[in-house]
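Q: Quick mapping for you: the protein sequence lines, in order, are chains V and Z. First residue of the first sequence: 1, per this note's numbering; consecutive thereafter. First residue of the second sequence: 1, per this note's numbering; consecutive thereafter.
The set of hints was computed from the structure by calculation and includes no laboratory data. This structure is a prediction, so every number in the text was calculated from the model and none was measured. Don't be surprised by glycine CBs; every beta carbon is placed ideally from N, CA and C. It is possible that some hints are incorrect.
[What the hints assert, rightly or not] In silico contact screen, one side only, chain Z against chain V (beta carbon under 8 Å); selected entries:
#: 1; residue: 266
#: 2; residue: 267
#: 3; residue: 268
#: 4; residue: 313
#: 5; residue: 316
#: 6; residue: 317
#: 7; residue: 320
#: 8; residue: 324
#: 9; residue: 337
#: 10; residue: 341
#: 11; residue: 388
#: 12; residue: 393
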Amino acid sequence: MTQKLFGSFSRKRTSFLFGLLVLAFWVACAFVGPFVVPQDPYADDLMNALAPPSAEHWFGTDQIGRDVFSRVIAGARPILSVAPAATFLAALCGTMLGLVTGYAGGWVDTVLSRLVEVILALPLIVVALLVLVALGPSSLNATLVIALVFTPIIARTVRSAVLAECKLDYVPAAQLRDETALHIMFVEILPNVLPPIVVEVTVRLGYAIFTVASLSFLGFGIQPPSPDWGLSIAENYGLIVGGYGWTVGFAALATASLVIGVNLVAEGLQDAAR
Amino acid sequence: MTPLERQIIDEHRAGRLSRRMFLRHASRIGLLAALPAPAAALGRPGATVRVASQVPSGALEPLTVSEIGGLAMLCQTGEFLIFDGSDLVLRPSLATGWTPDADCSTWTFTLRPGVKFHDGQAFGAADVVATMDRLCDPRQGSNALSVLRGVLSPGGTRRIDELTVRFELDAPNGNFPYYVSSDNYNAIMLPANYAGDFEANFNGTGPFRLERYAAKQGASFVRNPAYWGRAALPARTEFTFFTDQQPQILALEDDQVDAIVQISVQGAQGLLRDPDVRIIDIPASTHRQIHLRCDQGPLADRRVRQAIALCLDRPGILHGLFQGRARLGNDSPFDPMFASTDRSVPQRRKDLSRAMALMNEAGHADGFETTLTTERQQEIPDLAVLVQNACGQIGIRVGLRIEDPGTYYGTAQFGRSDWLDSAIGITDYGHRGVPNVNLAAPYLSNGAWNAAHFRSAEYDRLVAGYIAATDLSAQRVLAGRIQTLLLDETPVIIPYFYDYICATGPTVTGVAVSGLSQIFLQDAALS
Chain V
1 MTQKLFGSFS RKRTSFLFGL LVLAFWVACA FVGPFVVPQD PYADDLMNAL APPSAEHWFG
61 TDQIGRDVFS RVIAGARPIL SVAPAATFLA ALCGTMLGLV TGYAGGWVDT VLSRLVEVIL
121 ALPLIVVALL VLVALGPSSL NATLVIALVF TPIIARTVRS AVLAECKLDY VPAAQLRDET
181 ALHIMFVEIL PNVLPPIVVE VTVRLGYAIF TVASLSFLGF GIQPPSPDWG LSIAENYGLI
241 VGGYGWTVGF AALATASLVI GVNLVAEGLQ DAAR
Chain Z
1 MTPLERQIID EHRAGRLSRR MFLRHASRIG LLAALPAPAA ALGRPGATVR VASQVPSGAL
61 EPLTVSEIGG LAMLCQTGEF LIFDGSDLVL RPSLATGWTP DADCSTWTFT LRPGVKFHDG
121 QAFGAADVVA TMDRLCDPRQ GSNALSVLRG VLSPGGTRRI DELTVRFELD APNGNFPYYV
181 SSDNYNAIML PANYAGDFEA NFNGTGPFRL ERYAAKQGAS FVRNPAYWGR AALPARTEFT
241 FFTDQQPQIL ALEDDQVDAI VQISVQGAQG LLRDPDVRII DIPASTHRQI HLRCDQGPLA
301 DRRVRQAIAL CLDRPGILHG LFQGRARLGN DSPFDPMFAS TDRSVPQRRK DLSRAMALMN
361 EAGHADGFET TLTTERQQEI PDLAVLVQNA CGQIGIRVGL RIEDPGTYYG TAQFGRSDWL
421 DSAIGITDYG HRGVPNVNLA APYLSNGAWN AAHFRSAEYD RLVAGYIAAT DLSAQRVLAG
481 RIQTLLLDET PVIIPYFYDY ICATGPTVTG VAVSGLSQIF LQDAALS
């Protein structure tokens, strides 16, 4: 599989590597950022509120005097905890659902596929908001909600791949050997549909990052005083008009760079998979 | 001259009442009822004044309106018996005079003759009786009950003759005129035959009459040619509704509107520095209450509550959150701007060593965990983070739960409201000309807004005495005792009282506002 994934890798090597570098930077920030930042990202300094970027505060301070640079670096952790966790959970559930619907066919496929289509017909952010209003805003609930809305999307991709695989000889051969359905789905078919799953998961990760940022911006995702980027933008966007753009700009750039990095990696993997 | 009037004049002569405080107190008992409105710098008549306002959240029903957008609309065509100006001096509006009896349990109001509603009906005592009975009636769902419950009951307002009404109160009340003034924003006078159709016709007695109202979009008003007072300067006013502050600021800077009803410092820092914008900044008793539940967990120990209050850097909060456009709070509703506030009560200041000592004495040297629940509104989330950080200094680990206002207030009933049920919460309280309302519901043992679950028979007794007190010196003595008791018990932390801020374009004159987000445009002009 690795050979198949990376066989045609050279064509988009540069952009893939750039994306990987950006992603690696933010992952490193998520792991060690809070320990290496120059100032406590949570500590307020009211007498130094809204200070512009300077040698002491590279990205300036926000409206209660917190160091924006430290918050941007530390802010990688919450978003890179929720988004990958939600994507992984969606991948797990979506893969199982896709395997079952694709392999079983018949009424199982009909019922589950219609259910998936119903969920897909609803706007993602509206579903997420409705569920979060009912459950209450928290990082855990945001993870579960994003996983819930991404599961059908991944399931549909997996189902298509499984349907194609089921037409190949090795599946009837396994059935003739009296292998169980579980064995055929998870041991025979799954390894052969992994490349599209990996690509789909990487693409979904980019969307998940955006969704987490959006939910936090709307007040339903990660909660204060987290340095999460979406939350920071929500807390400070009103200051842009007043000329305090640094309170928002760096968090917005961080979000954009992470999404671009993930998308470049996804694109590279997609090419390799082809 | 009554003994009460003589006492206020003597206080002024003796130098114990400044001129400003004298005016406030003399106006309270009707001594200055002939006081004219402050002279406005008259501009050129005939302009169309365009205003950006917060969108009213629901139907415009004077009985139930409770938010900024709605109450800014009510006062465009509606008028009150008394006008409470930004200087807290009461001035005649639809009432020309008011006098109390000896113990202030009965107040008699004389009404203005020759006033007509916009539909042509004459205004008189029957309209006052009907309006006040509606406002006091629990069956009507009146928002004004938060002010009038325990003060005036249905049937307590009596018609004496066509232009005289008498209010027979549930208990003596020395500040009663504030309860029927523009301070009580629901109390615009409506016709006796009012059929609940205010949103359709805005039928009031004011200087403007409705031209058009489109829910969620805007409203326009034109000069009322039959107005009882001086004709309004603008020929027309136009209100555009917005849900957020930022588009309002952009509209003002782009000359699409001439004024914004209210701005908050958060997000308007640029506007406040703009030399081309006129800022109307008036002191208001608007504040935030940080309630601490007195009946459960570690917060039941008043030493813990005192310790939390001692952690806050109040001057820093004033500087950081309000750029100085606020005044220090001392953990009671007695704003320094109130005449009755006892200024000899020491201001609480940050004292971490004392806070740590109190935590030790209370057996919480290692701190504890708790949750602060509050609403997402203006600077409140920032204040929540500051409280969280401050508590962290003495080992209290505070988790934050920040909700939309609807979720936070819930049904506003105990057991069904995060506001009233939370261990620690932060709640917004609006401006009032006197502290009476804010002394009652949030603190009394049976108070409907007592989120701190504070129970003190001594406090209840002191507040009853304060509300009944007629003369200022008695009010001050009781205020001092209430302030001291609240500092000692600390059921609530009030870190600041902040100013009301309105912004207008550079060519706009004559805009008047109140601390309650009411905007009055009859003297507005564009130069």
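Q: It remains to establish, for every hint, whether it holds in the given structure.
A: Hints, one by one, checked against the model:
1. 266: holds, 6 Å
2. 267: holds, 3 Å
3. 268: holds, 7 Å
4. 313: holds, 6 Å
5. 316: Hint holds; residue 316(Z) Cβ to chain V Cβ min 4 Å, cut 8 Å.
6. 317: holds, 6 Å
7. 320: holds, 3 Å
8. 324: violated, 12 Å
9. 337: Cβ of residue 337(Z) sits 23 Å from chain V, so the hint is violated.
10. 341: violated, 26 Å
11. 388: holds, 6 Å
12. 393: Hint violated; residue 393(Z) Cβ to chain V Cβ min 11 Å, cut 8 Å.
Violated hints, in rising order: 8, 9, 10, 12; the structure is consistent with all others.
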